Structure formats: C-alpha cells, structure tokens
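**Q** Okay, here's what each chain looks like letter by letter:
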Amino acid sequence: MKYVLFSGATGDLGRCCIEELVKLGGWTVFAGGTNQAKLAALGELDNVIPLTLDVTSDESVDKAYETVRSHTYKLDAVVNFAGIHTFTSMVEGDCVKEIEKMLNVNVMGMVRVNKRFFEMVRIGRGRIVNCSSESGWMTPQPFNGPYTMTKYAVEAYNDSLRRELMFLNIPVVKLQPGSFKTQLTEKIYRDFDRAIETTNYFRKILTTMKPMMTMELELDHDPKKLARKLISALTAKHPRTKYKVCTGKLLMTLELLPDKAVDLAYKAIVR
Amino acid sequence: MSEKYSVITGGTGYVGLALVKYLVGRGEKVRLLLLEDHPCLDGLNCEKMFGNVCNPEDLEAAFEDAETVYHIAGVVDISGKKEDLMWRVNVGGTKNVVEACKKTGVKTLIYVSSIDAYPDKFCEGVITERSTYSEVGLESPYAVTKALATQIALDAKDDLKVCCVQPTGVIGPDDYMGSSIGAMVDLFIKGLFPVSMSFGAYNFVDARDMAAAMRNAVDAGRSGECYILGGHRVTVDELMGYMAAALGRKKPRIKISKALVKPFVPLVSKVMDLAHLPPMLNSFSLSKLEENCNFSNEKARREIGFSPRPVADTIRDTVLWHKQKLEGAIA
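Listed in order, the protein sequences are those of chains A and B. Yeah, the first sequence ends on 271 if you go by the working numbering, and it's all consecutive. Yeah, the second sequence ends on 1331 if you go by the working numbering, and it's all consecutive.
Here chain A stands alone, though its shape is the one from the complex (with noise of 0.2 Å):
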C-alpha cells in the first residue's frame, strides 16, 4: 500500500483527483482540508483517511502530522493543492490584505505542509507534487495580478525545491492547470462583479473585460484531465519536472506576442 497526502483535498479538483487515484488501487490517501463537509465525504471512499489540515496554521500542520505518523511512517507523495484566488485590483481596495492572504495560502502553505512532512517523504523514498497553474508561467492578466504573484513565487519555490531534493532522490514535480470550472469559479465571478461597483478608474475596463473572462472560465475542461496528469506524476517511474494540463489557448498565444503588442491588444479591445 502507498500513502499520500493531499492539502487542498476538499476542493473539486483535489476531491476529482482524489476519486480516480483511490479508483486505481494501491493507494491511501490522507485527505487534508479545512470544509468539515466535504471532508466527511471524502470519509466515505475506501481507503481515504480524511484529516483537518489549515495549511495557514503551523499547528494544524503539525497536528496533521501526528494524525498522519500514527499510521504511517513514511509518505510515498505529498500533493499539495491547497489554493484560494482573489481577483483584485493592485492599487484599489484592500489589496495588500488579500495579497498577504493569498501568499499565505498559495505559497507559505505549500512551504509549510513540505517543510513538516519533507522527512516522511524522505524515508518513505517518495515525491512532492505542487499544484502550480498556468498563471505561474504566463505574463499576468490585469486585476489577476496577486493570483498570478502566488504562482509565480509557487513556481520558483518548486524549482529550487526540486533542485535541492534531487541530492537526495526525491522527484519534485509540479502541475502548471488551466482554467477548471470549480468553487473557485463563482468566486471570482463575484469578486469581478465587486471590483467593477468598488473601483474607481477601471469599470469600463473591467466590464468590457467580463465577456472575455467567461469566455475563459466556462471552458469547463474535464478535471478528471488533471487527475490523469497527477496520477502519471505519482506514478511514473521518473517523473517530469511540470505536467501542463487544459493550458488556455488564447492566452498561450498573447505569450507568443511581445509584451508590448500585447499591451496593445488590452487597449485596443477596452477602446
């Protein structure tokens, strides 16, 4: 039997991955997150071990921990999901809360859930799977700035990662995922919605953007797509440094312009 960990597990797309991975067999999953809910649910499929896990508290983590270690001593992955996104102006509202928010979730909880664990992922000869996001590779939208710092710094906290654990054997991968549409989509609808009555120099922006957004999020790409990606990162037998999975294609191809013209671009579609 093998053993993982998931922080983020109650959200779709880690309940999603969570589903096919047990679905495959051989698998104990360690089910971290903070919905009570959800986390009963998760309960109910065979060989999950739901455990509370709020991966912005040291001592959540550290009680994880304990629940984790008296079942096993060793870890053959962790999977770090765990993320929020806020869709915010940089220089309106209360930006610099929700910044440090997201920073702490995104990017300090991965940090954290790695740091306690990292010895069990160690002896157990196992891996660390980071769920980064196409924004952690593509220049940032407007208004998605502080979602796009978070994957940016999860990116260069993966690579640096991986290249100090390679001494030791241990694969650190990470997942670069397009636009799923999950809990996180409503959000992010209501957040545009309150950016657009709160600002004060980008409504007509950030209207004429909406379209183009939904157009994005209501992609609905198949989830059980990045399950798949997972579960070749868990399992193949040298895995890849990064997974890329249902990447935007309007957005990969802004990439292939210069920055400039894209600039452009953003002004010409709000003109």
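Since the hints were made in silico from the structure, they are not lab data. Since the structure is predicted, the reported quantities are computational estimates derived from the model, not experimental observations. Each residue gets a CB set at the ideal place from its N, CA and C atoms; glycine is no exception. The reader is advised that the hints may include incorrect statements.
To be verified - Across the chosen pairs, the derived CB separations fall in these ranges:
no., chain 1, residue 1, chain 2, residue 2, range
1, A, T52, B, R1309, 52 to 58 Å
2, B, F1122, A, T52, 36 to 42 Å
3, A, R69, B, F1122, 22 to 28 Å
4, A, K244, B, A1259, 45 to 51 Å
5, A, G43, B, P1039, 49 to 55 Å
6, B, K1103, A, T235, 38 to 44 Å
7, B, C1123, A, D58, 28 to 34 Å
Chain B: place on chain A using the hints.
**A** Showing chain B alone in chain A's frame:
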C-alpha cells in the same frame, strides 16, 4: 534469584545466543521466542516458544510470568531486498513488544538498538549517547528503523524500566546465522582473501561482553537511558593482522587503496549476490568503513559495568570458531 522468566526475542542471532548462554550459565529461567528451532540451542536449559514479534498474541503468550524481556529480534538488510520485512519487524515488532510488556506487567525491557541510530557519522570527535532518536539525518533504511524503534522503546520509560543498548559492529563466535563479517572470516580462512586494505576502520564489540552488560543493565541501568556498547576501533589492516595471527599465518602483504577498490564494488557485490553470500562488500559497507566510529563506551562502563575484552581475544575466538565450522566440527 528471580523465579520469573527472562524472555529473549531473537535468541539464535549473534547477540541473542551469547545472551542465552550467559543467562543459562547464571542459572536463570530463560524463555526464548523463536521463529523456528535451531540446533545451536541444543543442550541449553531454556524454554522455547515459537512465534513472531509481528504477532501481538505470540508476544503476550511469551511474556506470561516474565520479569525481564530482552528484545533482540531484528532484521538487518543492507541489500534493500527485505526492506518491508525490516520495517515490520524492527519498528512494528518493537511497538508490539512494548505494548505486550505493558499488558503483561513486565518490569524491565532491554532493547538492542544500534549505533546506526546515530546520524553523527560525518562529524568529528567522540560520539556519546543522545536522549531522543529520530529519522532525521539518517540515510540507510536500517538506521531509520532502528532509530524509530529506539524511540518507541524509550517512550515507554514511565510504564516500565526500559534501557537500550547500542552495540557497534558485533563479532564473536557462535555465528550460526551467517553474518557478513563471518562470511569474510570464512573467505580469509580459505585463503580467498589474500589482500588487506590500506584504509577503513570500524568499532567492534564482542557479543559475549554485550551479554554481560545487558544483564547488568537490568539491575543497574536507568530507565529511559541508552548505553553505547562500543568495544575497540580496529582498522581493516589490523583486523587482517589479528585474523592471520589467530591462524598462525602471515598477514597479507598487499594493501589495496580505496581508489582501487571502489570501481570493483558493484561487480564484487553482484558476484556475492549470485553466489548467495552475505553482502560483505558493497557501497554501504564501504562507506561504513570510513565513517566516524569514535564511540564512547564511558557511560556503559560507568553505569552497567560494561567491560570489553581485548579485541585480539575476540577475533581469535571468532576465527577459531569459523575454522572449526569449516572443518565440520560445528553443524
């Protein structure tokens, strides 16, 4: 003299058999928990029970009426082939032993840990006992299992008296189970080990000296304490010299350097594997020879009367035992 039993797990190994002989020699009531019987126990006045440390029921049955438990059973695997078994026996087995001791009211548990539980091999200076043990800094899976098991045993110190002894490289006669060093001695006696090495050293302890110290620990040891049972530091070349002297031969004149040995290690280890010999020389054993083996036995000498005999005596007895075995005098 206590009317209650002293129970030994792993009684047929190097350390186990030396302890059985020592306790039986003192007239103590000894019960062994064995996987299977072995001719080496013939003629020893002890009770045998058959069972597995991985089965809590076997342990509880074996610990009935026991005052002291010596938990020696363990798996040493440096080839990586029996890693799962090693985890189940070394860590799971020790957990079971501790629980069974608590349940059956055993007063004293002596656990044979290992010097491998120390992550200090790259440091300089004298290595002394620690108060806690964990997997941090340990590379080999064997070391990790021993460190975790040691901590499991120490954690029970409030429920019963627990002492851990931590031997360095155990040698001595009565190597019925076939150790790596025993295989090397066999080759040397047969004249198939005609060279010495100009590098490497290790600390060796006589299993018989360990047995006496373990028995002393029952009375004089302090609960929750570890005792390093380190004998003498011997270089590979000195070891060759002692073995040659025991056989009345000349020491091998050719000494090979590490640079010469290293490229052949994978080949030699493969050949030994194919010949079903214990893994005498592989990258693990080679690295062991270069680690800091400056272990202090000061605490064990002071508190549990550990008194290692001269290493020349140990090696002579070991070599003569193997010689008898090769001549067919020992089954």
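**Q** Going through the numbered hints above, which ones does this structure break? Give me the numbers in ascending order.
**A** Every hint satisfied by this model.
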